[in-house]
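Chemist: Following the hints, position chain R against chain D.
These protein sequence lines map, in sequence, to chains D and R. Throughout, the numbering used here is defined as the position within the first sequence, counted from one, plus 503. Throughout, the numbering used here is defined as the position within the second sequence, counted from one, plus 22.
For the record, the hints were derived by calculation from the structure and aren't laboratory data. Positions of the beta carbon are idealized from the N, C-alpha and C atoms, including for glycine. Treat the hints with caution; some may be incorrect.
Examples of chain R residues lying across from chain D (beta carbon under 8 Å, computed) [stated by the list, open to error]:
1. 94
2. 97
3. 133
4. 190
5. 192
6. 194
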Amino acid sequence: MSTDQFDADVVIIGSGVMGGLIATGLAKENKSVIVLEAGPRVNRRDIVETFRNAPIKLSLANAKLQGAGSPYPSLPHAPSTYGDYLQQVGPVKYNTSYLRVVGGTTWHFGSSLWRMLPNDFRLKSLYGRGRDWPISYDELEPFYARAETELGVSGVDGQDESGQGGDAYPPRSIPYPMEGLKPSYMFTRLSEMLGKGGYNPILEPNGRATRPYGKRPPCAGNNNCNPVCPIAAKYDGSMHIDEAERHGAKVLENSVVYKIEAGDDGKITAVWYMRPDKSKHKLTARYFVLAAYGIESPKLLLMSTSEKYPNGIANSSDQVGRNLMDHTGISMNVMAKEDMWPGEGPTQLLVYLNSRDGGFRKDYPSYKIKVRNTVPTSQITSNLIAKGVLGSKLDEQIRLQSARSLNWAVDFETLPLPENRVVPSKTKFDAIGLPVPEIYYSVPDYWHAGKDKALEDFKQFAKLLDADILSTDTGFQNRQHIMGTTIMGDDPKDSVVDRDCRSHDHHNLFIAGTSVMPSSSCVNPTLTGAALSIRIADVLVKEV
Amino acid sequence: MDTSMSNTTTAVQVPTSLAFSRRSLLRGSVTLGLAAMLGGLTPLQSVFAAEVSAGDFIALSQFLISRPVNPVLASRYQAALAKRAPNFAGNVIALKALIDAQGYKHVDEYLAQAQPDASLRATATSIISAWYLGIVGEPADAELISYSEAVMYQPTHGILAIPTYGGGPASWGPKPAVIQDSKV
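In isolation and in its complexed conformation, chain D is listed as follows (with noise of 0.2 Å):
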């Protein structure tokens, strides 16, 4: 435990997945925590129930509506993501939704848990494009498989992940903790028809059990993995975060962290937070862990100037904020001759990975297909009722289209480039004085390469599916991936955390998350931060 010098060995701003993870492997060893979280503690029952009353649902099937609320809380120090707190200053909107609650943003993630290919480490050197990372595949693989026992993992042993059809891929020393879910029939039926093309489908990892885990009973097939599991099978940081409380951990809610101290010798002394009624506390550790997600982490490091440090913590290479990634992506709807269902089962599970690697990416990024596969009544009935549909016909237009439409998207790797950037507003505050994040995004010629080679891939499923295209829409949509903001490399002059996501100008500040990937690969990056999460702690727990 710590000495009356600190209030804690460490403290953890942050109490998402990367935050509970890193917590958790500290408690267990008797150090002492204390994890800072901006929002309220939530209890899914509330949420479930919040959802279940919301005359407007949010799901990934009614994305343009995700502005319009969320079961989770918006409060005045802690603002939803889902309302205009976010300013757009870029040619593109990076419209993302992260929440801030104990437990984080996985609360209302799909939980697709991928590791990345080994290729995608030497993006720079294989194809000129991006970075490189300071570390490989082989030194993160025994992380990636803790990552996956620790969050629970289901998935199809033998499958080649890098979507060539070929034998299992990429190496794992484990098999998948638990077996994968049951494909449902869409999902047997459009791996038949496509397959005649040379599409190879893969059912992907995620973090919904298929047997007891834990305390997680086995998916039901709610079909509202966003914006919440009613059962909990699906995992979700708070569990970490209960886990490391069990263990002693001490989490401080409705703290909002708005200023780091940093002394003379660039170790960080103190963390400056604010509770709802305004009024300000600091805390002292041995070491301190930045685990706020990729928007506010680095949002709290630019806002924590001072004379020593005018351009904010950790920030002697101006790469802080910078990098912003996201799997921006496209869809499109078409209407199949025979009923394929989507909707049964969680949502997501078949995705083509045909061009996720390979000499091409010199010319365009690495891609992911993935059908939708959410309960999409609600939106269609709505359309229906709004084009005068009713009657018998009604239900006979709910089945059929229930059935028969089927939404595609691509999700795009995209680069870091440095004009890509999060600052601390200069003109909009929160209600608390704080100023919100200010985003600006935009898409180079890269990525639109990759959306016409994605086109032509969606023509070729159309007519594999003997489908009619509906629409398409190639407008940017944001894939809530954050990722590149504090940047990882070896050289302090052009990257913010060295390869074990330390800061290179703070040796007691470690950064946790997707914010630290210097490539963003095409696949969900939420493994791949839990993974450095647990090589954090891993270091933590030798040197604190």
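Modeler: Same frame as chain D, but now just chain R:
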């Protein structure tokens, strides 16, 4: 919202033909008479305000959505719809009268009218929309009356879950067969 009726059918025992009460039939005929005098089917809300009985709204609802309806939900839908449309009560009475006068047995017959009265059609649509979506009002002032009993889930009942009410572990997989939902 759970109204504690049986899970999917929520039957209320109103006869399958239009169960307009004698009283409402009389009132309807008055409506038609007045409307005829004024040269059209324009309902006069000021005359008939707040004159729709629960039974009349239930009967009209069952006709419009071709299904038995839950009376608890019916009273909530009726109140929410009336609150948002000043001509609601008058139009409900006029609609019922029209349907009865024409002897329509199924909503499709009403919908097939050559020259429907736009105002009555809008009211009919609002009632159908409310029962199907479980929601009354526009996004800015929308009010949820029912989630799990929204009628839109019935045509795909047995195949697609009402989100958060899943079928249980591994309850998917084989080629789905459409199960008939309960209809009047």
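Chemist: Report the numbers of all earlier hints that the structure fails to satisfy, in ascending order.
Modeler: 1, 2
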